[in-house]
Amino acid sequence: MGGRDGISGKIGIGLRRPHVAEILSTRPAIGWLEVHPENYMAPESAQGETPALTQLLALRRDYPVSLHGVGLSLGSAEGIDRRHLARLAALADRIEPVLVSEHLAWSVSEGVYLNDLLPLPYTEEALAAVARNVTMMQEALGRAVLVENPSAYLRFRHSTIPEPEFLAELVRRTGCRLLCDVNNIFVSCTNFGEDASAYIAALPPDAIGEIHLAGHFRSERRGRPLLIDDHGSTVAAEVWALYRQALARFGPVSSLVEWDKQIPPLPVLLAEAAAAERIAASMVHADAHAW
Amino acid sequence: MPTLGELQRAFRRALLEGDEAAVASTLREDGLSPGERLAVYRNNVVASLTVVLKEAFPAVCRLVDERFFDYAAHEFLRAQPPTAPCLAEYGSAFPDFLGTFPPCRHLVYLADVARLEWLMHVAAYAGAPTPLASASLRAVPPTEAPRLVLRLHPSFGFVASPWPIGRIWRANSPESPSDEAVDLDSGGAFIEVSRRDREVVFRDLPPPTFTFRAALAAGRTLEAAAGAALAKDAGFDLTQGLGDLFRDGAVVGFTIADTAS
Chain A
1347 MGGRDGISGK
1357 IGIGLRRPHV
1367 AEILSTRPAI
1377 GWLEVHPENY
1387 MAPESAQGET
1397 PALTQLLALR
1407 RDYPVSLHGV
1417 GLSLGSAEGI
1427 DRRHLARLAA
1437 LADRIEPVLV
1447 SEHLAWSVSE
1457 GVYLNDLLPL
1467 PYTEEALAAV
1477 ARNVTMMQEA
1487 LGRAVLVENP
1497 SAYLRFRHST
1507 IPEPEFLAEL
1517 VRRTGCRLLC
1527 DVNNIFVSCT
1537 NFGEDASAYI
1547 AALPPDAIGE
1557 IHLAGHFRSE
1567 RRGRPLLIDD
1577 HGSTVAAEVW
1587 ALYRQALARF
1597 GPVSSLVEWD
1607 KQIPPLPVLL
1617 AEAAAAERIA
1627 ASMVHADAHA
1637 W
Chain B
159 MPTLGELQRA
169 FRRALLEGDE
179 AAVASTLRED
189 GLSPGERLAV
199 YRNNVVASLT
209 VVLKEAFPAV
219 CRLVDERFFD
229 YAAHEFLRAQ
239 PPTAPCLAEY
249 GSAFPDFLGT
259 FPPCRHLVYL
269 ADVARLEWLM
279 HVAAYAGAPT
289 PLASASLRAV
299 PPTEAPRLVL
309 RLHPSFGFVA
319 SPWPIGRIWR
329 ANSPESPSDE
339 AVDLDSGGAF
349 IEVSRRDREV
359 VFRDLPPPTF
369 TFRAALAAGR
379 TLEAAAGAAL
389 AKDAGFDLTQ
399 GLGDLFRDGA
409 VVGFTIADTA
419 S
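Line by line, the protein sequences are chains A and B.
According to our numbering, the first sequence is numbered sequentially starting from 1347.
According to our numbering, the second sequence is numbered sequentially starting from 159.
Pulled out of the complex, with its shape left as it was, chain B reads as follows:
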């Protein structure tokens, strides 16, 4: 007789890896086979987690069609099952998985569309801290300004792609009426996702602004973020870039880094 821990490990392997022998020998036989009984639980696990992924990635599901999505989700959840019960947090690794999943390698834009959807999902579930006014920076001595690290609102996310993923998403969103054609060669995307009131929105940013904001979101200092934006465009206006960020309600806190990095 297995210990409880041994039984639970074997049960998990039976559900995710199909290796049923160890559990089957512990089950009472009355009418149904061990495989039929275990299948009820496996179906619950697979179907419920597939629904979780489908709700987070609706445009990806529409792009690949539902049967293929179910197959990809099944492969993903077996390889990378959830590690915590808050399932709104499950799926962050799905875009990378799709990017290396051989059956959809021909859909070169798919992983980036999935990255956009994940950021939209995160934005929908993010907290709502109070944005700061730009006046709050007056307390920072000018000598320390280069080492300023801004904390952005948790609904803000940034994704760049060589493909027009914003247009692809709009054409395949749940609300989109028909299969509108998108020209894949119509240019890349520098997208900012955020939440306004209760609605998740995204927009294309000019590349230097994108670089500036994405660097700040990644926790880099003001000096480093400005340097990255100026490397994209020598005309980048830091004062305006910073003012716009506050006007967009994107800044919720700041610290001063020990060293400029």
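Okay, chain A solo, but in the shape it has when bound:
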């Protein structure tokens, strides 16, 4: 897609604290790195760089870096926290990220931050609220951002818009792009007995700027599957299959492997990235043959 970001088609990893020192000292071949900006924002009173930011700036010299926010609460009816947005913009000025992304979710209500990506009802009211917040985010950052589809464990009775259509309409209204998390699609669709392939087919291909891959936890309630998006294992076979479908439909989109629970040694994570790379390369190859 586009290719303006310079990482088109490349495979990255989510940078987590246990791996920072090893990546700094060994500089392995990784297409790009993605971090949660909340972990690198200086305390409001701070002068000078925090140690974490110093490390990130050092990595920035060798790797493209993407900022993947988890705390802006784009779905909050009360709007987004302007102070937090200002801190995000200040960090983006330092890092000059290749991509900036957030989630189709909310986490703040009346000033309380719940630290989870909570579900929205897909209504016209919610669409207007998210569009307002995405526009404010894009104006503060001076660029288009990507919005990621969440994993879901419940649905609201009063939702009237299917999730991929909600995202497509958000793109039309705000000019944002989409981060397609294929693991989240698989988790949500399995939890509600829906068709993950149809979900991918309903997304607007030109808007997809990034793909996420991760593991999930599988549990059951009275014989029904309940998948939990815990980012605590290797990518499931069904999710790799969806990844092929996504690449076939969206083209060579830059992709990222995330691992957040029971974080393994770096080589395990790099092996997952290499698996994604093989799939992406085979798709490009198949493409070339087709033409």
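Don't read these hints as lab results, they were simulated from the structure.
What the simulated footprint calls covered on chain B by chain A, stretch by stretch (three residues with Cβ under 8 Å from a Cβ of chain A suffice, anywhere in the stretch; the number is not a length):
id	region
1	161 to 174
2	186 to 194
3	240 to 254
4	282 to 295
Not close to chain B: a few residues of chain A, all C-beta gaps over 10 Å, as computed:
id	residue
5	P1374
6	T1580
7	A1583
8	Q1591
9	L1616
10	E1623
Owing to the predicted nature of the structure, the values given are computational and were not obtained by experimental measurement.
Cβ coordinates follow ideal geometry from the N, Cα and C atoms, glycine included.
Starting from the known structure of chain A, fit chain B onto it as the hints suggest.
Just chain B now, kept in the frame of chain A:
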């Protein structure tokens, strides 16, 4: 049908206060109960914030054991949930909470150990402004020196306790090999926390030095800080006390207060 704002307030109450009725009536029923579905989100919130507190307070966790820590963290995060997404800043109120939490009232030193851990956590995440040399004070006219207010490096923190909290922390730090016994009557602590290069360190200070530095860290004037130290020990040497502070790289700025206070 609730508005989006009403739904989000009800959802927050369902997660933190367990009052699920208002949200449950808005959920589609397909196989799982509303309670089972909401529990997934509640578990995410509680487990992730408990991890945040555990990483900031590892010695407290070891002192009370992990199951009790999880219980205390749960009670705390329901009563005082985060108000901002930068979770490195979440937990500053946990030491005071522990100090008034009835189930651990018998652990009289626990809140002070938690205060020490919070300062270490703050030091680890503090910025790194460039320390000033003592020569930078030459520009200050002698008549204004009493009203000098020094800005200390943000990694510096100070905590005093009637209990030997430094020894208790060392015996219960993540690196400590075994449950070494600490004599609770072995004296109090006047601790300074700071960061040297990337490593957070702490040490016991002589009480007058502690009083002097803690007063400066609290934004008091040089005259007031020196007065407080001299009240502890009439032999306190202000020139040396000030020189040591600069040599430790603790001073990153200064202003002159309008009035001595």
